[in-house]
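All chains should be modelled from the sequences, with the hints used to inform the complete structure.
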Amino acid sequence: MLESLPLERIDVAGVNAERVKMGSGRPLLYLHDGGGIEFGAGFIERLAQGHEVHALSHPGFGGSDLPGHFDSVDDLAFFYLDYIEQEGLEDVILVGAQFGGWIAAEIATMGSARIGQVVLIDAYGIKVGSRDKQDVADIFYLLPEVIAEMGWHKPRPGTKAPTIEGARRIARNRESHSLYGWSPLLHNPKLVHRLHRIKAPTLVLWGESDRLAPVEYGRAYAERIRGARFELIKEAGALPHVEQTEATARAIEAFLTPVAA
Amino acid sequence: MRFWHFTEQSYHPAWDKTTDPLRIVPPSSMMDREVVADLFHRYLDEYRLADELGFDIMVNEHHASMTCMSSVPAIPMAVLARETKKARLLCLGVPMANRMDPLRVAEELAMIDMISRGRLEFGFVKGSGWELYISNSNPARMMERFWEAHDLILKAWATRDGPFSWEGKHFHYRTVNVIPGIWQHPHPPMWMPGSSAMSAKIVAQKGYTLASFLCGHQAKATFAGYRKVYEETWGRECPLDRLAYLGMAVTADNQAEAERRAHALYAYWSTVPRSPAGTFNPAGYAPVEANAQAYLAGPAKQMSMGLMPDGKPLPAKPTLDELAEAGLLFWGKPDQVVRQIQRFADQVGGLGHFLMMGQGAYLDHKETADSLKLLAKEVYPAFKDSAPSPEPIAAE
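In order, the protein sequences belong to chains D and L.
Per full-length UniProt numbering, residue 1 is the first one in the first sequence, and the count goes up by one each step.
Per full-length UniProt numbering, residue 1 is the first one in the second sequence, and the count goes up by one each step.
One should not assume that every hint holds.
Claimed, not checked - In silico DSBU-like cross-links for lysine-lysine, where the CA-CA straight-line distance does not exceed 35 Å:
hint, chain 1, residue 1, chain 2, residue 2
1, L, Lys384, D, Lys160
2, L, Lys312, L, Lys85
3, L, Lys169, L, Lys155
4, D, Lys133, L, Lys169
5, D, Lys154, D, Lys133
6, L, Lys169, L, Lys206
7, L, Lys312, L, Lys228
8, L, Lys201, L, Lys169
9, D, Lys160, L, Lys317
10, D, Lys234, D, Lys133
11, D, Lys190, L, Lys377
12, D, Lys160, L, Lys228
13, L, Lys228, L, Lys126
14, D, Lys199, D, Lys234
15, L, Lys220, L, Lys377
16, L, Lys17, L, Lys86
17, D, Lys21, D, Lys133
18, L, Lys17, L, Lys384
19, L, Lys86, L, Lys206
20, L, Lys366, L, Lys228
21, L, Lys155, L, Lys126
22, L, Lys201, L, Lys86
23, L, Lys373, D, Lys133
24, D, Lys160, L, Lys155
25, D, Lys133, L, Lys206
26, L, Lys384, L, Lys373
27, D, Lys190, L, Lys169
As the list claims (entries may be wrong) - So, partial list: chain L residues that the calculated Cβ filter (under 8 Å) puts toward chain D:
hint, residue
28, Asn138
29, Gln184
30, Ala264
31, Ala277
32, Gly278
33, Phe280
34, Ala283
35, Tyr295
36, Leu296
Stated by the list, open to error - Stretches of chain D that chain L covers, calculated by requiring three or more beta carbons in the stretch to come under 8 Å of a beta carbon on chain L:
hint, stretch
37, 141–154
38, 191–197
39, 216–229
Hints were generated in silico from the structure; no laboratory data involved.
None of these values were measured; they are calculated from a predicted model.
From the three backbone atoms N, C-alpha and C, an ideal C-beta is built for every residue, glycine too.
Structure follows, in C-alpha cells:
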C-alpha cells in the first residue's frame with residue numbers, strides 16, 4: 001500500500017519525482033511495474049530489510065512529473081542513470097519488474113561501472129517471436145478481468161481506488177504505461193540486439209504461471225544475456241514480487257550472496 | 001439552414017449474423033464481395049441523387065468496421081468531386097492524430113478541392129477510441145499530435161511560394177510542397193466536432209464550424225458554450241453557420257410507411273456500442289481527471305446516448321416519438337419532420353447546418369431515394385431560405 005511508503009520529493013536532472021529510500025546496506029534500485037510504485041510496496045519493504053532500497057515513481061507515474069519530451073523507455077533509462085550518478089551509488093543492484101524490468105535491461109545495456117548486478121522479473125522489452133504474432137499480451141486492449149486471469153497465478157478481486165488522489169495515480173500510471181509501451185507493443189526492437197552488452201551478472205526470475213509474458217519469453221530473454229541465470233517462481237504469475245514476495249526476495253538474496261562473499 | 005446527406009456506408013447484411021463486436025475483430029469472410037461492390041455503388045448513387053436534389057454531402061471515416069466501410073474517405077470524396085455538380089463536399093472527418101502522414105492528407109484533400117472546383121469542406125476529428133487499435137497510434141499525447149498535424153496541414157495549404165521544412169515534435173518533412181495547391185486558398189471552410197461546452201471552446205476560438213453528433217439536447221449547452229467563446233474571441237455575434245447538428249432523418253408520404261422506415265434507419269443505433277469491450281477509452285484517450293472520476297464511479301451502466309429536452313438521459317428503450325423529441329431521429333410525414341427539426345433548432349438556440357443521416361442500417365435504396373426526394377421537396381424548403389450564405393466562408 002502506498003500509505004506504508006515514506007514518499008519524498010527529489011529533483012533528478014530537472015525532473016521532479018517522488019522517491020522512497022528505505023533500509024541500509026548495499027544500494028538496490030527498484031524499478032516498479034506498470035501498476036506503479038504502490039503495487040510493489042510490500043516488496044520494497046522486504047528488500048529494505050537487507051539493502052538501502054531506492055524506489056522512484058517513473059516520470060509520468062504516481063506523483064512524478066512527466067517532461068514533455070519523455071516518450072520512450074530510453075528516456076527513463078537515462079533518467080535513472082542520472083539518478084545513480086547524482087546519488088553516487090556504487091555496485092548498485094538493479095531490480096526491475098515487468099515494465100520496470102524493461103527499464104532495467106535498457107539501463108544495463110547502456111553500461112555503467114556503477115551497476116553491480118541485475119535482476120529482471122517477468123520483464124518486458126524484447127521482441128523474439130514471429131512478426132505476425134504478439135510476443136506479450138496486449139494489456140492495452142484486454143479487459144482488466146482478462147489481464148487479471150492471465151497475470152495472476154491465483155486471480156484476486158480488483159480493488160477500487162478509495163480516493164480521488166488514488167484514482168488520479170491509477171489514471172496517470174495507465175496513461176504513462178501506454179505512452180511508453182503502446183507501440184511497438186511493450187518492446188524496443190533494438191533492445192534484443194543490445195543485450196550482449198550487459199556485463200553485470202544477471203538473474204532472470206519468472207512467474208511460472210505468467211501468461212502475459214510467457215515463460216518461454218523469459219527463457220529467451222535470459223539466453224541472450226551472457227551468463228544469466230533463469231529461475232522460475234512457483235505459484236506466481238506476472239508479478240511474483242507481489243504474489244510471492246518472500247520467495248522472490250529469497251531468490252534474489254541467494255543470487256546476490258556469492259558475489260558479496 | 002443547410003441540409004447535408006450522410007451515410008456511414010455500412011455493411012449491414014452481416015450485423016445479425018453474429019453477436020460479436022462489429023469493429024476491429026469481425027472476419028471479412030463474413031462479407032460477400034458482390035454485395036460490397038453493390039453497396040458502394042448504391043451509396044454513391046444516393047450521394048449523387050442528394051446533389052441533384054440540392055443537398056450538400058458529408059462523408060466520414062472508420063476502420064475495420066461492419067458499420068462503416070468508408071475507411072479512406074478521400075476515395076468517395078474523389079468520386080463525388082467529379083460526379084456531383086453543386087453540392088459542397090464535407091469530409092468530417094479525418095482522425096488527425098491517427099494519421100502517421102498528415103502531408104498525405106493535405107495532398108489528397110487539395111486534389112479533391114481542385115477537381116471539385118472549390119467545393120471541399122474539411123473537418124479535423126479526434127476519432128473514436130477504438131480506432132487507435134487499428135491505426136496503432138498512441139492514445140497518450142494524441143491531442144498534441146492532432147494539433148501539430150492541424151498546423152502542418154494548414155501551413156501546407158496556405159504556402160504558395162515553394163517548399164518549407166517541418167521539424168516538429170511528431171512530424172518531420174524535408175520539403176512540404178503541395179502541388180498543385182488548393183482551390184480555396186488559404187484553406188477550405190473548417191469543421192470540428194464537439195460534444196460539450198468545454199470541447200466547443202477551442203473550436204470557437206478557431207472560428208471553425210462546430211458539429212455535435214447524435215447527442216440530442218446536449219447540443220444546447222454545447223452550442224451556448226460555443227457562442228459565448230466565439231463572441232468573446234471575435235467580438236461579434238456568432239454566425240448561425242458555425243453551428244451544425246447530426247441526426248437521423250427519414251420521411252414517407254404516409255404514417256405507416258414512415259414508421260417502418262424510421263425503425264429500419266434507427267437500427268443503426270443498436271450498432272453504436274458494438275466495439276470490443278474496453279476499447280472505447282484506451283488509457284490516454286480521455287484526460288487523467290476524467291478517467292480518475294470514472295474509476296471512482298465504477299463501470300458505467302450504459303453509454304451516454306443523448307439528452308431529452310428536459311436534460312434527462314434518453315430512456316434505455318426509447319419510442320420513436322421520444323427519439324424525435326430528443327432530436328436523434330426526425331421521422332414521420334414531411335410536415336411532421338419540418339415541425340420536429342424546427343422545434344429542435346429552436347430549443348438548442350439555432351442551427352446553421354443539419355447533418356442528416358438520410359441513410360443508415362436497413363433503409364434500402366428505394367426507401368432512401370424516396371425519402372430524400374420528399375425531404376428535398378417538402379421539408380428542405382421550410383429551412384433553405386434561412387440557409388447561410390451559399391458562398392463558402394473561410395475561417396477567420
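Hint-by-hint comparison with the structure:
Taking the CA atoms of L/Lys384 and D/Lys160, the gap is about 54 Å. The hint is violated against a cut of 35 Å. Only pairs whose Cα atoms come within 35 Å are accepted, and L/Lys312 paired with L/Lys85 is rejected, the gap being roughly 43 Å. As the CA atoms of L/Lys169 and L/Lys155 are separated by approximately 16 Å, the hinted pair is consistent with the 35 Å bound. Annotation: proposed proximity of D/Lys133 to L/Lys169 holds, straight-line Cα distance about 30 Å (limit 35 Å).
Restraint check: the Cα-Cα separation between D/Lys154 and D/Lys133 comes to about 27 Å, which is no more than 35 Å; the hinted pair holds. Under the criterion of a C-alpha separation no larger than 35 Å, the hint pairing L/Lys169 with L/Lys206 is consistent with the structure, at around 22 Å. This hinted pair checks out: L/Lys312 and L/Lys228 have alpha carbons roughly 24 Å apart, not beyond 35 Å. Taking the CA atoms of L/Lys201 and L/Lys169, the gap is near 25 Å; set against the 35 Å cutoff, the hint holds.
Only pairs whose Cα atoms come within 35 Å are accepted, and D/Lys160 paired with L/Lys317 is accepted, the gap being roughly 31 Å. With a C-alpha separation of about 27 Å, the suggested pairing of D/Lys234 with D/Lys133 holds against the 35 Å cut-off. Of the supplied pair hints, the one linking D/Lys190 and L/Lys377 is violated, its CA atoms being roughly 64 Å apart against a limit of 35 Å. For the proposed pair D/Lys160 and L/Lys228, the alpha carbon gap of about 39 Å is over 35 Å, so the pair is violated.
Among the hinted pairs, L/Lys228 with L/Lys126 is consistent with the structure: their alpha-carbon atoms are about 23 Å apart, no more than 35 Å. In summary, the hint linking D/Lys199 to D/Lys234 is supported, as the alpha carbons are separated by about 28 Å, within the 35 Å threshold. For the hint pairing L/Lys220 with L/Lys377, the CA-to-CA distance comes to about 28 Å; that is within 35 Å, so the pair holds. Restraint check for L/Lys17 and L/Lys86: not satisfied, since their Cα atoms lie roughly 39 Å apart, outside the 35 Å limit.
Distance check on the hinted pair: D/Lys21 and D/Lys133 sit about 40 Å apart at the alpha-carbon level, beyond 35 Å; violated. With a C-alpha separation of about 41 Å, the suggested pair L/Lys17 and L/Lys384 falls outside the 35 Å cut-off, and the hint is violated. Proximity of L/Lys86 to L/Lys206 is assessed by CA-CA distance (about 27 Å); at most 35 Å being required, the pair is judged to hold. This hinted pair does not check out: L/Lys366 and L/Lys228 have alpha carbons roughly 43 Å apart, beyond 35 Å.
Our distance criterion of 35 Å between C-alpha atoms is met by L/Lys155 and L/Lys126, whose separation comes to about 20 Å. Between L/Lys201 and L/Lys86, the direct Cα distance comes to roughly 32 Å. Compliance with the 35 Å bound is thereby established for this hinted pair. Simply put, L/Lys373 and D/Lys133 have alpha-carbon atoms about 50 Å apart, too far for the 35 Å limit, and the pair is violated. For the proposed pair D/Lys160 and L/Lys155, the alpha carbon gap of about 47 Å is over 35 Å, so the pair is violated.
Taking the CA atoms of D/Lys133 and L/Lys206, the gap is near 43 Å; set against the 35 Å cutoff, the hint is violated. Taken as a hint, the L/Lys384 and L/Lys373 pair is honoured in the structure, with Cα atoms around 15 Å apart against an allowance of 35 Å. Distance check on the hinted pair: D/Lys190 and L/Lys169 sit about 22 Å apart at the alpha-carbon level, within 35 Å; holds. The interface hint given for L/Asn138 holds, since its Cβ lies 4 Å from the closest Cβ of chain D, which is under the 8 Å cut-off.
Nearest Cβ of chain D to the Cβ of L/Gln184: about 34 Å, over the 8 Å cut. The hint is violated. For L/Ala264, the suggested interface contact is broken, since its CB lies about 33 Å from the closest CB of chain D, more than 8 Å. With 8 Å as the threshold, the beta carbon of L/Ala277 comes within range of chain D, its nearest partner Cβ sitting at about 6 Å, so the hint holds. A cut of 8 Å between beta carbons decides the hint on L/Gly278: the least distance to chain D is about 5 Å, and the hint holds.
Interface restraint check: L/Phe280 against chain D, minimum CB-CB distance 12 Å, threshold 8 Å, status violated. For L/Ala283, the shortest C-beta to C-beta distance to chain D is roughly 4 Å, which falls under 8 Å, so the interface hint holds. Hint status for L/Tyr295 relative to chain D: holds, with the closest Cβ pair at about 4 Å, below 8 Å. Interface hint at L/Leu296: satisfied, since its Cβ lies 5 Å from the closest Cβ of chain D, which is below the 8 Å cut-off.
Closer than 8 Å: that is the beta-carbon criterion, and the stretch 141–154 of chain D has 4 residues meeting it against chain L, so the requirement of 3 holds. Counting residues of the stretch 191–197 of chain D whose beta-carbon sits less than 8 Å from any beta-carbon of chain L gives 0, not enough to reach three: the coverage restraint is violated. Requiring three or more residues with a Cβ within less than 8 Å of a Cβ of chain L, the coverage given for the stretch 216–229 of chain D is violated, as only 0 such residues are present.
When held up to the earlier numbered hints, the structure conflicts with 1, 2, 11, 12, 16, 17, 18, 20, 23, 24, 25, 29, 30, 33, 38 and 39 and fits the remainder.
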